[in-house]
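First to last, the sequence lines map onto chains A and X.
Residue 270, in the working numbering, is where the first sequence stops; the numbers in between run on with no holes.
Residue 270, in the working numbering, is where the second sequence stops; the numbers in between run on with no holes.
Treat the hints with caution; some may be incorrect.
Note: identical chains are not told apart, hence a pair may lie in one copy or across any two.
[As the list claims (entries may be wrong)] Dumping the calculated DSSO-like pairs for lysine-lysine here, alpha-carbon to alpha-carbon at most 27 angstroms:
hint : residue 1 : residue 2
1    : K182      : K245
2    : K190      : K169
3    : K117      : K245
4    : K182      : K86
5    : K182      : K156
6    : K132      : K117
7    : K132      : K156
8    : K171      : K182
9    : K86       : K171
10   : K117      : K86
11   : K169      : K156
12   : K156      : K86
13   : K171      : K156
Keep in mind the hints are simulated off the structure, nothing from the lab.
All values reported here derive from a predicted model rather than from experimental measurement.
Chain by chain, the residues run as shown.
Number of protein chains: 2
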Amino acid sequence: MCNHCVIETVKQTMLSRRSLFRGMAAASATMAATGVAAPVRAAPATGEVVDLTHTYDASFPTFDGTPGIQYEWAVEFAGNGYQLHKLTIFEHTGTHIDAPLHFSADGAGVDEIEPEKLVAPLAIIDITDRAKEDANATVEAADVEAWISANGEIPKGAVVALRSGWASKVKEPAFRNDGEGKFAFPGFGKSATDLLATLDVAAIGVDSLSLDPGNSADFAVHTSWLPAGRYGIECLNNLEDLPVKGATIIVGAPKHRGGTGGPARVLALV
Amino acid sequence: MCNHCVIETVKQTMLSRRSLFRGMAAASATMAATGVAAPVRAAPATGEVVDLTHTYDASFPTFDGTPGIQYEWAVEFAGNGYQLHKLTIFEHTGTHIDAPLHFSADGAGVDEIEPEKLVAPLAIIDITDRAKEDANATVEAADVEAWISANGEIPKGAVVALRSGWASKVKEPAFRNDGEGKFAFPGFGKSATDLLATLDVAAIGVDSLSLDPGNSADFAVHTSWLPAGRYGIECLNNLEDLPVKGATIIVGAPKHRGGTGGPARVLALV
């Protein structure tokens with residue numbers, strides 16, 4: 001019914017990106033000439049593909065503090081003309097999926113998440129200002145209600161993401177810990193996910209290290225949201241480049257059999 | 001410009017899937033009542049999300065014949081209330097990406113493929129009939145020209161995929177070898193990829209084990225296509241569910257730094 005729209009979106013994406021780059025180059029030249037500092041981010045361009053995925057390696061922060069990926073050459077280029085790595089990967093590293101099986105003995109594996117739940121409307125709840133004051137700030141039911149008042153109903157099958165500004169801290173100790181070395185990062189409060197569970201939401205996502213906030217004592221969101229057959233996305237990047245409503249998220253969840261989750265490629269179309 | 005279209009596509013996807021399932025259930029009931037065998041595949045539904053990714057585990061066929069993934073529990077559910085695996089993964093296993101770095105000493109890693117090259121129009125060149133006669137059948141320049149004659153120009157930035165029917169053999173020895181144990185599977189011929197290289201194509205994809213056919217002596221496609229900065233996708237699934245023209249492919253390439261490729265989640269919107 002809307003094949004044409006998808007193709008048109010792709011075309012517009014390419015056109016928009018070219019215009020965006022041209023515009024940015026022109027603006028940078030103007031700002032350089034006038035001595036005005038360049039902005040950190042350009043305004044989002046309609047039709048753009050936005051990459052919500054961090055590049056990760058052994059230095060990427062993990063919950064337990066050990067490297068989430070290690071590399072070894074399985075075949076080296078010299079003498080072979082091609083190369084490939086043998087990787088050791090802990091499933092919950094980088095921008096990654098929490099499957100129901102992560103917090104249940106017999107829930108769905110990451111390979112069993114239905115494909116139609118991987119292409120979804122994206123609703124973003126912004127708590128950046130609050131997170132500046134409180135590293136363990138949470139999205140609560142009142143925030144979901146406020147989003148609905150401002151933006152209308154959350155679309156069926158949506159992914160609801162928390163935006164806290166935390167992605168920009170990913171190379172700093174503050175992404176994970178406070179000054180005393182205690183876990184400290186934003187997350188969902190259970191009042192919010194209990195409400196979202198009544199609204200046909202496919203998944204929740206965070207730009208921090210965990211669905212629950214750093215100071216959670218009981219992982220209340222993990223232990224209620226995931227076993228109910230829903231999934232989560234942790235360590236999202238670039239949510240700042242998206243509108244709070246109107247983007248489509250595409251979740252490239254890994255598909256190894258019986259996985260409890262794993263590194264994913266997550267993209268959005270604006 | 002076409003935000004609305006994307007959202008509408010998602011909505012239509014959900015509606016179409018529901019209609020499809022209802023239709024399939026009704027058809028199955030009718031066929032059961034009349035003794036007519038159910039068809040193997042339903043006709044593709046417009047607006048559907050099609051999963052082009054195989055589920056993989058240690059039994060999934062690999063080029064070198066050794067298991068591409070191994071699992072170990074890093075945390076077990078019993079006693080912890082959650083669980084996760086430590087995985088050992090050879091990058092080129094399952095439905096996966098070949099990055100330029102796979103066949104060049106200093107080409108782009110899988111993390112460096114531009115996001116806008118991961119959302120692309122998909123053109124499918126079908127050689128299923130020929131592959132039934134010759135396991136090492138190839139797509140050649142004449143096939144590309146025939147596709148263009150029948151379907152119009154290949155869209156800029158497209159992914160061009162070879163469809164040979166090989167995905168259905170993935171659990172059989174014939175996915176990889178002929179009766180004598182020699183590599184035997186379809187692939188691209190260099191005449192085709194030399195032509196595609198002139199047409200602003202982002203990537204090529206195959207439903208077999210390798211971009212080059214099984215009987216290739218020189219990996220001519222790998223050694224020319226990848227070092228030129230383009231990527232490939234191997235072991236695609238379900239191409240039979242797509243039209244040869246008009247689908248959009250979304251390539252969830254992994255994003256570990258400096259990777260030569262890796263398991264990907266590949267989806268298509270019809």
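Now the hints, each set against the structure:
1. Within a single copy, K182 and K245 get their C-alpha atoms no closer than 34 angstroms, and across copies no closer than 54 angstroms, so neither meets the 27 angstroms cut-off.
2. Taking the shortest alpha-carbon separations for K190 and K169, only the intra-copy value of 25 angstroms comes in at or below 27 angstroms, while the best inter-copy value is 46 angstroms.
3. For a Cα distance limit of 27 angstroms, the shortest separation of K117 from K245 qualifies both inside one copy, at 18 angstroms, and across copies, at 24 angstroms.
4. Proximity of K182 and K86 under a CA criterion of 27 angstroms is satisfied inter-copy only: 25 angstroms between copies versus 33 angstroms inside one chain copy.
5. Neither within a single protomer nor between protomers do K182 and K156 lie at most 27 angstroms apart by alpha-carbon distance, with minima of 37 angstroms and 50 angstroms respectively.
6. In the homo-oligomer, the alpha carbons of K132 and K117 never lie at most 27 angstroms apart, since the shortest distance is 32 angstroms inside one protomer and 35 angstroms across protomers.
7. Taking the closest pair of Cα atoms, K132 and K156 never come within 27 angstroms of each other, the shortest separation being 31 angstroms inside a single copy and 44 angstroms across copies.
8. Taking CA atoms no more than 27 angstroms apart as the test, K171 paired with K182 passes inside one copy only; the shortest distance there is 17 angstroms, against 48 angstroms between copies.
9. Taking identical chains as interchangeable, the C-alpha atoms of K86 and K171 lie at most 27 angstroms apart whether they share a chain (25 angstroms) or sit on different chains (23 angstroms).
10. Proximity of K117 to K86 under the C-alpha cut-off of 27 angstroms is restricted to the inter-copy arrangement: shortest distance 26 angstroms between copies versus 30 angstroms within a copy.
11. Within a single copy, K169 and K156 get their C-alpha atoms no closer than 32 angstroms, and across copies no closer than 37 angstroms, so neither meets the 27 angstroms cut-off.
12. Proximity of K156 to K86 under the C-alpha cut-off of 27 angstroms is found in neither arrangement, the shortest distances being 40 angstroms within a copy and 34 angstroms between copies.
13. In this assembly of identical chains, the alpha carbons of K171 and K156 never lie at most 27 angstroms apart, being 35 angstroms within a copy and 37 angstroms across copies at closest.
In this structure, the hints that do not hold are numbers 1, 5, 6, 7, 11, 12 and 13, in rising order.
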